[in-house]
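*Asks:* Here's the letter readout for the chains.
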Amino acid sequence: MSESGFASTSRRTILSFILISTFAVISFRLFQMQILQQESYEEKSADNSIKAIEQMPLRGVFFDRNMKVVVSNIPAYTLRITSAYYNRSLNKILETVIDADSGFIDKILYNNRIYSKYIPIRIKRGIDFKVVSWLEENSEHLNGVDYIVEMQRGYPSGIMGSHMFGYTKEVSPQQLMKEKEYYKPGDYVGHNGIEKTYEEYLRGIKGYNYILVDSKRKEIGKYNDGTGDVASIKGNDLLLSIDADVQRIAEEELKGKSGGVVAIEPRTGEILALVSAPEYDLTQFAYTTSKDFLNQLYTDPTKPLFNRATMSVKPPGSTFKLMAAIAALDMGIITTETTIYCGGGFTFGRFFKCHGGPHGSLNVIHAIEKSCNTFFYNLIYRIGLDKWQEYAKKFSFAGKTGIDIGEEVAGLIPNSKYYEKIYGENWPRSIMASLGIGQGEVSVTPLQLAIYVSLIANNGRTFTPHIVKGYLDNNTRQLIPFQFKEINLGIKQEAFDIVKQGMYLVVNGAGTATWIKSKDIEIAGKTGTAQNPHGKDHAVFVGFAPFDNPQIAVAVVIENVGFGSTYAAPIAKKMIEAYLLKDKLKKEKKVVPELKDKIIGAVIED
Amino acid sequence: MRIDYKLEDKFDFGLFIPSMVLIFIGLLAIYSATFSHPAAAGNFQKQLIWAIAALSIFFITFSLPTNSFRFAASPMYLFSILLLVGVLVIGRKVSGAKSWFDLGPFGFQPSEIAKIGTILALSAFLSRRNANIESFLDIIVALIIGFIPVGLILLEPDLGTSIVFVGMILTIIFWKGISLFSLFVVLSPGFVAIAALFGSFYFITSMVLVVVTLFLFKKDIFFSGSIFALNLGAGFFTDYVYSVLSPHQQKRIQSFIDPMADPLGSGYNAIQAKVAIGSGGLFGKGFMHGNQTQLQFIPEQWTDFIYCVVGEEFGFIGSIIVVGLFLFLFIRLLKIASAAKDEFLSLVLIGILSVYFIHFLINIGMTVGILPVIGIPLPFVSYGGSSLLVNFFMLGIAANIYRTRKNYA
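One line per chain: the protein sequences are A and B, in this order. Using the numbering used here, you'd call the opening residue of the first sequence number 1 and step up by one each time. Using the numbering used here, you'd call the opening residue of the second sequence number 1 and step up by one each time.
There could be a bad hint or two in this list.
Unchecked claim - Each computed DSS-like pair below joins lysine-lysine, with the alpha-carbon atoms no more than 30 Å apart:
{"id": "1", "chain 1": "B", "residue 1": "K218", "chain 2": "A", "residue 2": "K169"}
{"id": "2", "chain 1": "A", "residue 1": "K107", "chain 2": "B", "residue 2": "K6"}
{"id": "3", "chain 1": "A", "residue 1": "K222", "chain 2": "A", "residue 2": "K196"}
{"id": "4", "chain 1": "A", "residue 1": "K234", "chain 2": "A", "residue 2": "K257"}
{"id": "5", "chain 1": "A", "residue 1": "K180", "chain 2": "B", "residue 2": "K6"}
{"id": "6", "chain 1": "A", "residue 1": "K169", "chain 2": "A", "residue 2": "K574"}
{"id": "7", "chain 1": "A", "residue 1": "K196", "chain 2": "A", "residue 2": "K303"}
{"id": "8", "chain 1": "A", "residue 1": "K353", "chain 2": "A", "residue 2": "K417"}
{"id": "9", "chain 1": "A", "residue 1": "K393", "chain 2": "A", "residue 2": "K196"}
{"id": "10", "chain 1": "A", "residue 1": "K234", "chain 2": "A", "residue 2": "K393"}
{"id": "11", "chain 1": "A", "residue 1": "K130", "chain 2": "A", "residue 2": "K180"}
{"id": "12", "chain 1": "A", "residue 1": "K469", "chain 2": "A", "residue 2": "K196"}
{"id": "13", "chain 1": "B", "residue 1": "K46", "chain 2": "A", "residue 2": "K184"}
{"id": "14", "chain 1": "A", "residue 1": "K184", "chain 2": "A", "residue 2": "K400"}
{"id": "15", "chain 1": "A", "residue 1": "K178", "chain 2": "B", "residue 2": "K10"}
As the list claims (entries may be wrong) - Chain B side only, calculated, beta carbon under 7 Å to chain A, not exhaustive:
{"id": "16", "residue": "V244"}
{"id": "17", "residue": "G281"}
{"id": "18", "residue": "S338"}
Unchecked claim - Beyond 12 Å from chain A on every Cβ pair, some chain B residues (computed):
{"id": "19", "residue": "V208"}
{"id": "20", "residue": "L230"}
{"id": "21", "residue": "G369"}
These are computed hints drawn from the structure, not numbers from a lab. All residues carry an ideal CB built from backbone N, CA and C; glycine is no exception.
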């Protein structure tokens with residue numbers, strides 16, 4: 001081996017020298033720190049340590065489309081105990097004061113035993129103001145007991161919105177792993193609904209206060225008089241497309257029933273109201289949720305947690321006839337001249353009955369008006385099953401709509417492949433007859449129905465349905481709108497015009513929902529009754545108003561009540577009135593401001 | 001060949017025992033740091049499982065035929081590059097850097113695997129029969145082999161690991177027998193680059209030094225000119241790299257120069273680390289009794305700042321024992337590398353030594369406040385699965401080379 005080449009002794013010496021001198025430098029440094037300067041470090045460690053305390057930002061609030069606050073933040077008091085200073089003999093009196101069972105405090109302290117005993121543990125959130133005053137008065141006897149003010153969600157407008165708003169919940173370990181940089185254990189995070197979808201806008205930016213603490217973590221004071229503190233930044237407020245009045249009416253109407261209702265502004269895809277009944281009380285989730293409440297929710301046979309507006313699939317019944325009519329008109333299979341004779345039913349392998357018939361010879365407009373089954377039994381055979389499914393899919397059926405609250409299901413529209421899989425090549429074609437009137441395997445959600453009727457109202461054009469229009473800039477308070485995908489079906493205008501005439505007659509002619517006719521607004525719609533093999537039928541109604549210039553489209557599905565016209569249509573009417581008459585009143589308000597109060601009062605009485 | 005039935009002849013306890021003691025100390029420190037931590041309380045058990053897995057890897061690697069490392073060099077290197085590219089595309093972000101693969105509950109860092117791949121590939125290239133470390137082409141190829149992973153890791157961006165790679169590449173080239181002048185050619189751009197970080201005055205001064213040195217070596221004018229251009233380029237390149245660094249890394253470089261300038265931001269950890277170690281004193285505050293550790297003043301102390309726990313709770317004596325164990329391990333590796341008769345194996349050993357050493361130097365250097373805060377773990381001691389596995393894999397290679405050291409004439 002040469003003296004200077006590969007692995008030479010001199011190279012080995014150089015490396016040895018580097019190793020040993022590093023060892024020497026580090027040893028010297030350790031000696032200097034731990035032996036020579038130990039006292040000064042010890043002092044710092046014992047008395048003067050800087051600790052960063054997180055400041056939680058305020059969560060963004062929700063406004064409805066008229067800038068009414070629908071979800072806000074309200075202060076709540078939280079009782080805490082720091083076990084290092086706390087004496088358990090106080091348990092009894094505290095439990096009496098906060099109205100808790102005996103053993104409550106011990107249980108919480110035991111559950112939190114893994115934390116340092118110098119860290120305050122939350123005992124009860126949302127304690128009464130009377131308890132707070134009591135704590136203040138007796139503070140000298142209550143070592144290790146204190147309270148803090150924390151923010152919790154409030155719902156000031158009187159609407160529930162349980163499936164839409166969603167709630168926040170303590171962050172899960174999985175989420176903690178994913179977003180280590182933002183969340184700490186115990187943080188609250190949007191768990192479902194809007195709170196979840198828009199979490200990143202709502203949560204804001206955490207701040208930090210730097211304080212001096214001693215070795216027992218007792219606060220001594222602010223570090224540098226708080227000059228280095230970083231203030232938290234409030235989350236962005238969201239502007240929802242919801243109209244609180246329409247939402248409230250729908251919630252009231254659905255009380256005690258089960259079903260789903262969705263109202264949409266056809267031109268924009270903005271959701272005006274979305275209700276799933278039964279609802280659950282979001283204020284119960286505002287902070288810690290009681291176990292009893294949760295158990296009750298999970299075991300409730302009416303499944304209040306289930307979002308029926310976006311997840312419950314039912315046959316749409318006769319409301320689906322509009323789709324078949326549009327398909328046939330667009331394909332040129334029929335015109336308004338085409339008539340079909342209804343003799344009270346239709347035979348294809350077996351006899352299918354028409355209700356309320358025989359209707360005699362009628363064209364598509366009157367077939368919609370009378371909801372003639374015979375006409376539409378015939379029509380689906382002329383359209384063909386696969387073509388029919390293709391049109392249904394265009395109208396957003398059998399697919400997720402992309403609504404901004406996450407949870408939704410796609411539903412099902414069968415085609416010939418579907419039946420071939422089940423029955424083979426020679427599947428009974430008679431199945432198609434019931435599909436033609438929206439029964440059988442066809443299954444759709446109330447949300448899909450609402451988009452469907454929006455598309456009809458606005459002649460085949462709308463946007464992906466959404467509840468949040470945008471967020472408000474914290475400084476300028478300007479709306480920063482979110483972008484949504486445009487939908488354009490590319491269907492002949494004539495097809496919509498003809499079908500809408502039929503829908504107009506349903507309410508304003510001799511149709512199936514004439515008794516919801518309104519003297520102020522021209523409503524157009526279509527009733528439906530979804531056959532239910534397990535019990536009473538489901539009532540369905542889709543409609544829009546005003547007829548000439550549709551501002552609101554509504555879909556109503558009420559489960560297990562019977563005929564659509566009786567149960568679903570009036571709810572739609574009330575929502576439409578709540579939305580459209582309010583606008584009119586607002587205009588009048590500007591003209592005669594002094595009458596304002598009386599007019600508003602009158603509307604509420606109506 | 002002499003046949004020796006003694007176990008010591010086949011199995012090097014000089015490598016095995018110090019590393020086992022270090023992992024034991026590490027487990028104690030992790031236990032103490034995470035015991036009362038709400039989110040990390042399970043880390044002790046996890047590390048214990050990792051340690052058992054790492055030991056198995058050690059013994060597997062130890063028993064492989066020594067030749068397999070040579071065969072594995074190219075495939076392993078290419079696989080590493082693939083992983084490094086992959087992690088940039090689909091990796092998970094942890095504290096601002098995309099350096100992790102998500103594998104269920106455990107994350108995985110491809111740059112760890114790349115260490116082995118690069119050591120093997122570089123050593124294999126330099127130990128070719130006709131390799132000539134003085135040839136311009138060989139140096140360039142060697143640097144390219146080394147710097148492809150460095151570039152990819154910088155993109156993540158992971159400054160600490162990139163520094164480990166650079167140090168490792170230079171050590172291997174040095175061990176191969178590079179001449180003083182060639183070493184100057186390789187090192188001077190790095191030197192100029194660092195000088196450029198401090199401002200134009202330092203940049204110009206360093207360039208003057210380069211010119212003077214070139215003059216002293218008396219090489220021909222064309223060659224000297226190219227080297228001058230290379231250095232100039234390196235200086236301007238630094239500005240670019242600095243701007244690519246993530247803000248938290250830029251801040252860390254700044255806070256090293258004056259940690260008290262920003263005691264609440266990036267200097268916070270540096271100060272708390274020093275307070276923890278300094279307050280430990282001669283004997284330490286005792287296991288589970290360090291204020292700084294138990295009150296969690298240093299975030300994620302069980303990873304990069306684990307040495308603070310040792311310093312605070314086991315004091316000067318504990319700290320010196322840890323440093324001493326490392327020194328013992330390093331000297332041992334150097335000795336085996338010098339004794340190895342096969343050039344490839346010797347270079348591999350030096351590569352392994354340099355990876356351990358640079359981790360050790362940067363990690364302990366930052367905790368005692370003589371180097372900037374750059375987040376890389378302390379080998380064998382810090383919490384972390386992939387780093388533990390790879391460290392024991394490399395230790396297995398070293399023990400393997402020791403086992404078969406007499407088979408190579």
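*Asks:* So, for every hint listed, does it hold in this structure?
*Replies:* Here's how the hints hold up against the structure:
no. : hint              : result
1   : K218(B) - K169(A) : 73 Å, violated
2   : K107(A) - K6(B)   : 60 Å, violated
3   : K222(A) - K196(A) : 35 Å, violated
4   : K234(A) - K257(A) : 39 Å, violated
5   : K180(A) - K6(B)   : 51 Å, violated
6   : K169(A) - K574(A) : 35 Å, violated
7   : K196(A) - K303(A) : 21 Å, holds
8   : K353(A) - K417(A) : 27 Å, holds
9   : K393(A) - K196(A) : 28 Å, holds
10  : K234(A) - K393(A) : 42 Å, violated
11  : K130(A) - K180(A) : 38 Å, violated
12  : K469(A) - K196(A) : 16 Å, holds
13  : K46(B) - K184(A)  : 20 Å, holds
14  : K184(A) - K400(A) : 34 Å, violated
15  : K178(A) - K10(B)  : 46 Å, violated
16  : V244              : 20 Å, violated
17  : G281              : 5 Å, holds
18  : S338              : 5 Å, holds
19  : V208              : 27 Å, holds
20  : L230              : 24 Å, holds
21  : G369              : 8 Å, violated
Violated hints, in rising order: 1, 2, 3, 4, 5, 6, 10, 11, 14, 15, 16 and 21; the structure is consistent with all others.
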